[in-house]
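Using the sequences and the hints given, assemble the complete structure.
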Amino acid sequence: MIFFKSVKNRSLNKIAIFIFLASAIFPSYLMAHDTTPERLGPVVSTSNAVSTPQASSVMYPFSGEGLLNEEGKAAKLSSPSIDSLSMDSLSMDSLSMDRVLGPWILPSDSSLHHVNFTAPPSLLGHGKTNAEEDTEVNVESSRQPKISIIIDDVGYNRRGMESSLKLPTEVALAILPHTPFGEKTALKSMEQNRTTLLHAPMENQRELKLGPGGLYVSMSEHEFKSVLRDDLANLPGIKGVNNHMGSLLTTNAQAMNWVMQVLGESNLFFIDSVTSAESVAYTMAQRHSLLASKRDVFLDNVREVNAIDRQFQKLIQLAHKNGQAIAIGHPYPETMAYLLKRLADLNDVSVRLVPIDDMITPPSR
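Per UniProt numbering, the very first residue in the sequence shown carries number 1; after that it's consecutive.
What the hints contain is simulated information worked out from the structure, not anything from laboratory work. Treat each hint with caution, since some may be false.
[As the list claims (entries may be wrong)] With a straight-line Cα cutoff of 25 Å, these simulated PhoX-like cross-link-like pairs (lysine-lysine) come out: (1) K209 / K225; (2) K146 / K166; (3) K166 / K239; (4) K314 / K294; (5) K239 / K321; (6) K209 / K184; (7) K184 / K166; (8) K188 / K166; (9) K321 / K225; (10) K294 / K146; (11) K341 / K146; (12) K188 / K341; (13) K294 / K239; (14) K314 / K341; (15) K314 / K166; (16) K294 / K321; (17) K146 / K314; (18) K239 / K184.
As structure tokens, then:
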């Protein structure tokens, strides 16, 4: 008889505990939320109580048998079950309604209501982590052909400076030395983490004036190197050099040898603008073990939108053919307007715009 009373008392204790829990939780819930359990979705808990890497900590509506998982089936409690809880653990202090997550009001000891389970694909991105998805995107992107763009002749006016700095930061600026806005443009480029080059004025075959800091075939080695070093010192943050004009100087092996010697002192790269088919600049840069590359396309020899677009399409074609291609443009209003719009979305041509630093070729061995 005593045995049956004991069993009966334990059963009554369980029923009392269940009633106590229901009376503590559901009235507060009903007062706080005008909704029904059937309309409630899963609520993700931000508690640190569960830290297993393969499991998610998620709360679902209560049923008469405990917690429901996403499929509406009973889920197992990771913390002590109601059967094993003592009355001390069910004090009003432990059940104080001090936190709310979604539609569910949690007691201070939120571990009582945590469920450990492996979340379904709908919650975890079909079994892939964010890192894995990012890696797949990066791999796919790395396979795309690359294009790089340099804007030459920057530094003479404010309009050219401001319009160039509005372009994507992957676009490099080649700045003329000793110009009214040259230093300011270089400083602003550094603030944007944009690559800047010295646009070194070099003698041309048409005897056009070069402006300050010009390099000429007739110069002595000392004068030549002194002028070039002064040009470089005039512009902060320079990472490389390309030639302004230079259809004569770039064909002169001795002059190009001096250029590369000076660039080697500061570990700068060289981009041959290829203003002459007979240019030896790229070859000399390679001989001096400098990082170097060559222009593929001039965008705006004709300052008209349709002509610029045709040249841009040529750039894309070369990139798909060779894996990469380099274009040079100028801060003309037509060029700036076209690039500002066109570079905003390159998905239709399946190429990547990258900094010129990513296009330079390691020196040949």
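Hint check:
1. K209 / K225: holds (20 Å)
2. K146 / K166: holds (21 Å)
3. K166 / K239: Distance of about 20 Å is within 25 Å: holds.
4. K314 / K294: holds (16 Å)
5. K239 / K321: Violated, because 28 Å separates the two Cα atoms, which is more than 25 Å.
6. K209 / K184: Judged against 25 Å, a Cα distance of about 24 Å means the pair holds.
7. K184 / K166: OK: K184 and K166 at ~15 Å, within 25 Å.
8. K188 / K166: holds (11 Å)
9. K321 / K225: Answer violated: K321 to K225 is near 38 Å, above 25 Å.
10. K294 / K146: holds (14 Å)
11. K341 / K146: Cα-Cα ~18 Å, so holds.
12. K188 / K341: holds (22 Å)
13. K294 / K239: Distance of about 16 Å is within 25 Å: holds.
14. K314 / K341: holds (18 Å)
15. K314 / K166: holds (24 Å)
16. K294 / K321: holds (16 Å)
17. K146 / K314: Between K146 and K314 the Cα gap is close to 13 Å, so the pair holds against 25 Å.
18. K239 / K184: Given that 25 Å is the threshold and the Cα spacing comes to 16 Å, the pair holds.
The structure does not agree with the numbered hints 5, 9 stated previously, though it agrees with the rest.
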